[in-house]
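Peer 1: The residues making up each chain are set out below.
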Amino acid sequence: MNEKQRLWLMFPTKLVTRPVLWELGRQFPVITNVRQASVTEEIGIVSLSLEGEREEIKKAIAWLEELGVNVEPVEINTIEG
Amino acid sequence: MDKPSPFFSNLKCRECGRLYPKQAIHVCDFDFGPLEAAYDYDAIRPVLTRAAIESRPHTMWRYRELLPIDGEPTVGTQVGFTPLVKADRLARALGIRELYVKNDTVNYPTLSFKDRVVSVALSRARELGFKVVACASTGNLANSVAANAASAGLKSYVLIPADLEQGKVLGSLVYGTNVIGIHGAYDQVNRLCSEIAGKYGWGFVNVNLRPYYAEGSKSMGYEICEQLGWRIPQHTVIPMASGSLLTKIHKAYGEFARLGLVENAPFAVYGAQATGCAPIAHAMKRGTDIVKPVPKPETIAKSLAIGTPADGYYAIHAMKQTGGSAEDVTDDEVVAGIRLLAECEGIFAETAGGVTVSCAKKLIETGKIPRDGSAVLCITGHGLKTQEAIAGKCGEPRLIKPSLREFEEHVYSKDTAAA
Ligand SMILES: Cc1ncc(COP(=O)(O)O)c(C=O)c1O
Ligand SMILES: [Zn+2]
Numbered sequence: 001m002n003e004k005q006r007l008w009l010m011f012p013t014k015l016v017t018r019p020v021l022w023e024l025g026r027q028f029p030v031i032t033n034v035r036q037a038s039v040t041e042e043i044g045i046v047s048l049s050l051e052g053e054r055e056e057i058k059k060a061i062a063w064l065e066e067l068g069v070n071v072e073p074v075e076i077n078t079i080e081g
Numbered sequence: 001m002d003k004p005s006p007f008f009s010n011l012k013c014r015e016c017g018r019l020y021p022k023q024a025i026h027v028c029d030f031d032f033g034p035l036e037a038a039y040d041y042d043a044i045r046p047v048l049t050r051a052a053i054e055s056r057p058h059t060m061w062r063y064r065e066l067l068p069i070d071g072e073p074t075v076g077t078q079v080g081f082t083p084l085v086k087a088d089r090l091a092r093a094l095g096i097r098e099l100y101v102k103n104d105t106v107n108y109p110t111l112s113f114k115d116r117v118v119s120v121a122l123s124r125a126r127e128l129g130f131k132v133v134a135c136a137s138t139g140n141l142a143n144s145v146a147a148n149a150a151s152a153g154l155k156s157y158v159l160i161p162a163d164l165e166q167g168k169v170l171g172s173l174v175y176g177t178n179v180i181g182i183h184g185a186y187d188q189v190n191r192l193c194s195e196i197a198g199k200y201g202w203g204f205v206n207v208n209l210r211p212y213y214a215e216g217s218k219s220m221g222y223e224i225c226e227q228l229g230w231r232i233p234q235h236t237v238i239p240m241a242s243g244s245l246l247t248k249i250h251k252a253y254g255e256f257a258r259l260g261l262v263e264n265a266p267f268a269v270y271g272a273q274a275t276g277c278a279p280i281a282h283a284m285k286r287g288t289d290i291v292k293p294v295p296k297p298e299t300i301a302k303s304l305a306i307g308t309p310a311d312g313y314y315a316i317h318a319m320k321q322t323g324g325s326a327e328d329v330t331d332d333e334v335v336a337g338i339r340l341l342a343e344c345e346g347i348f349a350e351t352a353g354g355v356t357v358s359c360a361k362k363l364i365e366t367g368k369i370p371r372d373g374s375a376v377l378c379i380t381g382h383g384l385k386t387q388e389a390i391a392g393k394c395g396e397p398r399l400i401k402p403s404l405r406e407f408e409e410h411v412y413s414k415d416t417a418a419a
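As given, the protein sequences belong to chains A and B, one line each in that order. Take the first sequence: its letter number 64 is residue 64 in the numbering used here, and every next letter is one higher. Take the second sequence: its letter number 161 is residue 161 in the numbering used here, and every next letter is one higher.
Hints in this document: simulated from the structure, not taken from any laboratory. Treat each hint with caution, since some may be false.
[What the hints assert, rightly or not] Simulated restraints on C-beta separations:
hint : chain 1 : residue 1 : chain 2 : residue 2 : range
1    : B       : G17       : A       : P29       : 50 to 56 Å
2    : B       : R97       : A       : W22       : 55 to 61 Å
3    : B       : E343      : A       : E51       : 57 to 63 Å
4    : A       : E42       : B       : A51       : 51 to 57 Å
[What the hints assert, rightly or not] Which chain A residues stay away from chain B? Per the calculated CB distances, all over 10 Å, these:
hint : residue
5    : M1
6    : V16
7    : R18
8    : P19
9    : W22
10   : E23
11   : P29
12   : R35
13   : I45
14   : E51
15   : G52
16   : E55
17   : L67
18   : E75
19   : I76
Given the structure is predicted, the values throughout are model-derived calculations rather than measurements. Heads up, the beta-carbon is just placed ideally off N, CA and C, and yes, glycines get one too.
With the hints as constraints, model all of the structure from the sequences given.
Peer 2: Below, the structure is given as structure tokens:
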């Protein structure tokens, strides 16, 4: 069963110029859909939806995190004071 | 079903301005921007006059046209209208001409400003037909959801990090809620909660009900204006976790000016954080609106320890736009702030209050808030909830035997010699 997850990605300086989302699309059977992006020399922030099998989405997220990308659900924090 | 409110019209994306129906949704489909309640101010203006407000009961619901529900509030109808204290002794200690303390340590029923947001969220949850409500929290929000859900007869779940202090756990358990402790790192807990919120069709107060929930904080701003005799304070110092309270007080002042309830005078808002978790204050000091997450918050001000603040960006813009600024203080300064407020004004605040007082002190010392100005400090939670933060740091009782000689020798003679 397909599901969709909405995420904010934050790219550190060293990854700003690497085609990370292209690589992700080649490695995992998930549909990437960029909804918003702001990229400076120092940091890249991208809002992205990932659609596919739950397990594949999980693997794709784990791969991003392994690379050093910060991955958050769109509800950036669900824990409050 | 209630008739739709003629005043609260839509949800609206803060990024692109697209309008959405008033449902349990919280982000824009298009750009993932947060949704916010939008109002028809032209319809509100003739109805919400000073006289109309003054004729209503002393609760936050006296401003109900500006709160995002359709019918009458059904949860937390007694919340709000806490004292605004003229704090002359604290003003002298901080070296400022005029100072007020907005005292939400005595908010009803759970002694923090969170009762304001929960009152709106649960009233709206009922209108939308939810039978189960939930939240993830490190304390105050959990206490408030548990208590208000109990009194409303709603089933509730509160998710908390597994290593929370006993006091905060008990302060939720007592209301008969379902308390779930989660092991694991903060970001994993976050991810689980957003998945739960998406999956079970519960009213998650700070996720799918967030547009409603967040608006409750505006009532603190409205009350401050009314209690000052219908004017906006020049300077307001506000503690920040997600940054929501600060952005909503900013919105509240703007709305009152727009409705002609107060004069459209210049004002500034200032944000306060603890150094051990100050992503918003640090971004503000660096002069950027890009908020870097703090993966491992380390501070006694746990109620403010949010490493990835959802409204950080908007809080920074509110501070910049009004000419305000942000400050952060160490744990020692937090304790000093709690004690100073207690000793000067007889108000026992939790750690967030210590953060606010000590940040205000710094803002005044550095001239960011002028000494000849007038300021309001938002004190948002009660000290009995965070006793461990100051345990052993306020001295010890002096122990004597039950004899007058002992009292004179160990207490009276020493105190008169010292005086
Ligand atoms: C006592 C207290 N003050 C202030 C805040 C800050 O709230 P916000 O997340 O709206 O910035 C919180 C909560 O998270 C709190 O518990
Ligand atoms: Zn949008």
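Peer 1: Falls inside 50 to 56 Å, the C-beta gap from G17 of chain B to P29 of chain A?
Peer 2: violated (35 Å)
Peer 1: Minimum C-beta separation from I76 of chain A to chain B exceeding 10 Å: can you confirm that?
Peer 2: violated (4 Å)
Peer 1: Verify this label for me: L67 of chain A is non-interface relative to chain B, using a Cβ-Cβ cutoff of 10 Å.
Peer 2: The claim holds: L67 of chain A sits with its nearest Cβ about 16 Å from chain B, beyond 10 Å.
Peer 1: R35 of chain A: least C-beta distance to chain B exceeds 10 Å?
Peer 2: violated (5 Å)
Peer 1: Please check whether the beta-carbon of W22 of chain A is more than 10 Å away from every beta-carbon in chain B.
Peer 2: holds (21 Å)
Peer 1: Measuring Cβ to Cβ, find out whether I45 of chain A lies farther than 10 Å from everything in chain B.
Peer 2: With a cut-off of 10 Å, I45 of chain A comes too close to chain B, as the shortest Cβ separation is near 7 Å.
Peer 1: Taking the minimum C-beta separation from R18 of chain A to chain B, is that value above 10 Å?
Peer 2: holds (19 Å)
Peer 1: Against chain B, does G52 of chain A hold up as non-interface, every C-beta pair farther apart than 10 Å?
Peer 2: Since the minimum Cβ distance to chain B is about 16 Å, G52 of chain A lies beyond 10 Å and the statement holds.
Peer 1: Verify that the Cβ of E55 of chain A lies farther than 10 Å from every Cβ atom of chain B, and report whether the claim holds or is violated.
Peer 2: holds (14 Å)
Peer 1: Holds or violated: 51 to 57 Å for the Cβ distance of E42 of chain A and A51 of chain B?
Peer 2: Given a distance of about 54 Å, which is inside 51 to 57 Å, the answer is holds.
Peer 1: Could you check the hint for me, namely that R97 of chain B and W22 of chain A are 55 to 61 Å apart, CB to CB?
Peer 2: holds (60 Å)
Peer 1: Regarding the assertion that P19 of chain A does not contact chain B, is the least Cβ-Cβ distance greater than 10 Å?
Peer 2: Check passes; 22 Å lies beyond 10 Å.
Violated hints, in rising order: 1, 12, 13, 18, 19; the structure is consistent with all others.
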